[in-house]
Amino acid sequence: MNSAVTEKIFVKGNEAVAMAALEAGCRCYFGYPITPQSDIPEYLSRELPKTGGEFLQAESEIGAINMLLGASAAGVRAMTSSSGPGISLKQEGISYMAGSELPGVIVDIMRQGPGLGGIDASQADYFQATRGGGHGGYRIIVLAPNSVQEMYDLTMQAFDLSDLYRIPAMVLADSVIGQMKESIVANPRPVVELPDKGWAVRGRQEGTEQNVVKSLKLGDGEMEKFHWMMHDRYQLLADKECRWEEYLTDDADLIVTAFGSTSRISKTAVAMAREAGMKVGLLRPITLFPFPKRAYAALSEHCKLFLDIELSTGQMVDDVRLSVARDAEVAFYGRPPGAGSLPTPEELFEQIARHYRACPAATEVTL
Amino acid sequence: MRHDVFIAGYGGQGVLLAGNLLSYAAIHEGNNVSFFPAYGVEKRGGAAMCTIVFADGDTGSPVVGSPSVALLLNPLSFEKYAGKVKQGGVCIVNSSLVDTTGVELPGIKIIPVPMNQIALEMGDVRMVNMVACGAYGEMSGALALSSLEAALKKALPERNHRLIPANVTAMAAGAAAARAKKA
Numbered sequence: 001m002n003s004a005v006t007e008k009i010f011v012k013g014n015e016a017v018a019m020a021a022l023e024a025g026c027r028c029y030f031g032y033p034i035t036p037q038s039d040i041p042e043y044l045s046r047e048l049p050k051t052g053g054e055f056l057q058a059e060s061e062i063g064a065i066n067m068l069l070g071a072s073a074a075g076v077r078a079m080t081s082s083s084g085p086g087i088s089l090k091q092e093g094i095s096y097m098a099g100s101e102l103p104g105v106i107v108d109i110m111r112q113g114p115g116l117g118g119i120d121a122s123q124a125d126y127f128q129a130t131r132g133g134g135h136g137g138y139r140i141i142v143l144a145p146n147s148v149q150e151m152y153d154l155t156m157q158a159f160d161l162s163d164l165y166r167i168p169a170m171v172l173a174d175s176v177i178g179q180m181k182e183s184i185v186a187n188p189r190p191v192v193e194l195p196d197k198g199w200a201v202r203g204r205q206e207g208t209e210q211n212v213v214k215s216l217k218l219g220d221g222e223m224e225k226f227h228w229m230m231h232d233r234y235q236l237l238a239d240k241e242c243r244w245e246e247y248l249t250d251d252a253d254l255i256v257t258a259f260g261s262t263s264r265i266s267k268t269a270v271a272m273a274r275e276a277g278m279k280v281g282l283l284r285p286i287t288l289f290p291f292p293k294r295a296y297a298a299l300s301e302h303c304k305l306f307l308d309i310e311l312s313t314g315q316m317v318d319d320v321r322l323s324v325a326r327d328a329e330v331a332f333y334g335r336p337p338g339a340g341s342l343p344t345p346e347e348l349f350e351q352i353a354r355h356y357r358a359c360p361a362a363t364e365v366t367l
Numbered sequence: 001m002r003h004d005v006f007i008a009g010y011g012g013q014g015v016l017l018a019g020n021l022l023s024y025a026a027i028h029e030g031n032n033v034s035f036f037p038a039y040g041v042e043k044r045g046g047a048a049m050c051t052i053v054f055a056d057g058d059t060g061s062p063v064v065g066s067p068s069v070a071l072l073l074n075p076l077s078f079e080k081y082a083g084k085v086k087q088g089g090v091c092i093v094n095s096s097l098v099d100t101t102g103v104e105l106p107g108i109k110i111i112p113v114p115m116n117q118i119a120l121e122m123g124d125v126r127m128v129n130m131v132a133c134g135a136y137g138e139m140s141g142a143l144a145l146s147s148l149e150a151a152l153k154k155a156l157p158e159r160n161h162r163l164i165p166a167n168v169t170a171m172a173a174g175a176a177a178a179r180a181k182k183a
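Taken in sequence, the protein lines are chains A and B.
Numbering of the first sequence is given in this note's numbering, commencing with residue 1 and proceeding in unit increments.
Numbering of the second sequence is given in this note's numbering, commencing with residue 1 and proceeding in unit increments.
Quick caveat, the hints were computed from the structure, so don't treat them as lab data.
Just so it is clear, the structure is predicted and the values come from calculations on it, not from any experiment.
You may find that some hints are simply not true.
To be verified - Example chain B residues on the side facing chain A (calculated, C-beta under 8 Å, incomplete):
#1 Phe35
#2 Pro37
#3 Val63
#4 Ser140
#5 Leu156
Idealized CB from N, CA, C, for every residue including glycine.
With the hints as constraints, model all of the structure from the sequences given.
Below, the structure is given as structure tokens:
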């Protein structure tokens, strides 16, 4: 594609993911419908065949993830998408992909759970996404957009990071970001130097080595070697690819931290707190794996109170606690929202004010 | 400047189209927009609601607790959202379906507009959402009628562009009705 676009277009978050996949050169999409992400397969079923790509609605999510594995093993850029119940079904395939060092993009537009749960927004699949999700001790790259523009930009990055590190990459959003519409610029794909996929199984040429893509490792010492290699690769990811956003953190006595949809609501609440004279900032992780630990470590040198906000009863808060300096305190506010109920900026402002007042370092404010 | 508005009603009243229309009009005027819909699994009936935030800068939170304007198209949404409007804000109510006689909300201005009746007079009750959009443009002063007209081309599929003149008339009628109540 690579057509330079500067005009703003008004699209849903889910549509932005699908558009970015096309721009990133995704050649195959495999999926199965589930709310709140069905706009992704809907868009790609219409547009992907026009570019010569393959769209396939699989018989199930398990079918779809294994098709992704197959396409990826053949060296093709491919993607699947789903929500909680479907992502759970995909975990076996994701584990096999991780074990086979296969790239591939998995989009998870979170809904409520456990089980079939509900179709409204939730961030309760943070653990599932950032801990690997399946068996065997692996991690996947997890990117957490908080706007429709980022749905577009981070989906493109997910393809590149996944190819670069040969690790599956997940775009993790929720129904707020997936269903909302914003005006975006559909940026052309950035030029990224990527290694050749010499490992792909494309049919053996005369006189060349046989390529084998597998996760079964029965050779003497083979498994241990693999794990140490992946361990180093995750470390490299952490060193080079952590992304985060800071907002008014320089002089902050309290730093709010949140990802995805919650970070949008939090940012407005932080701005309200600033207007009320409170020195409050926001730290938003954009990569959830690798988790931007060093941003927390650096900020907690001078700011000793963090407030983690999530649409769950608390998951990312564990990573925040592991990342801040030992003498920093981490408070938590979150709730699993029901239908039509999301925390408002006013509600989060109340929480910020409550913790700020209790903070010994905080500048005196009259509320 | 940052503007936020709730639109709520029954599924089928065109709440989401109205939200899209205001969004396109806001983009037409050079704003950034966040449009956040919430609706049930039903095609018609059920509750439909959306929030639109537009600003010349960062739109901030797509979730709004107390909007400066609410467009409430049926009794249920009036019950649920009228009281949430910000102090000094405006609540534009479809008085064809909601009886606002004697209702007072401290610090909130209620503008009753008989949207169904106006839409019917224009020839089709389905234009109730257009009447509402016209009333919003008038009351908020945030979006010009010409921008709403331009937005129709973006918000409606090509096959429905022949209906644009009728929709523009409905928006103008909604604006006029709101203007009469403003004084």
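Quick rundown of the hints versus the structure:
1. Phe35: 4 Å, holds
2. Pro37: For Pro37 of chain B, the interface hint holds, since the closest Cβ of chain A sits about 6 Å away, which is under 8 Å.
3. Val63: Because about 5 Å separates Val63 of chain B from the closest Cβ in chain A, which is inside the 8 Å limit, the hint holds.
4. Ser140: 19 Å, violated
5. Leu156: 14 Å, violated
In terms of the numbered hints stated before, the structure departs from hints 4, 5, listed from lowest to highest.
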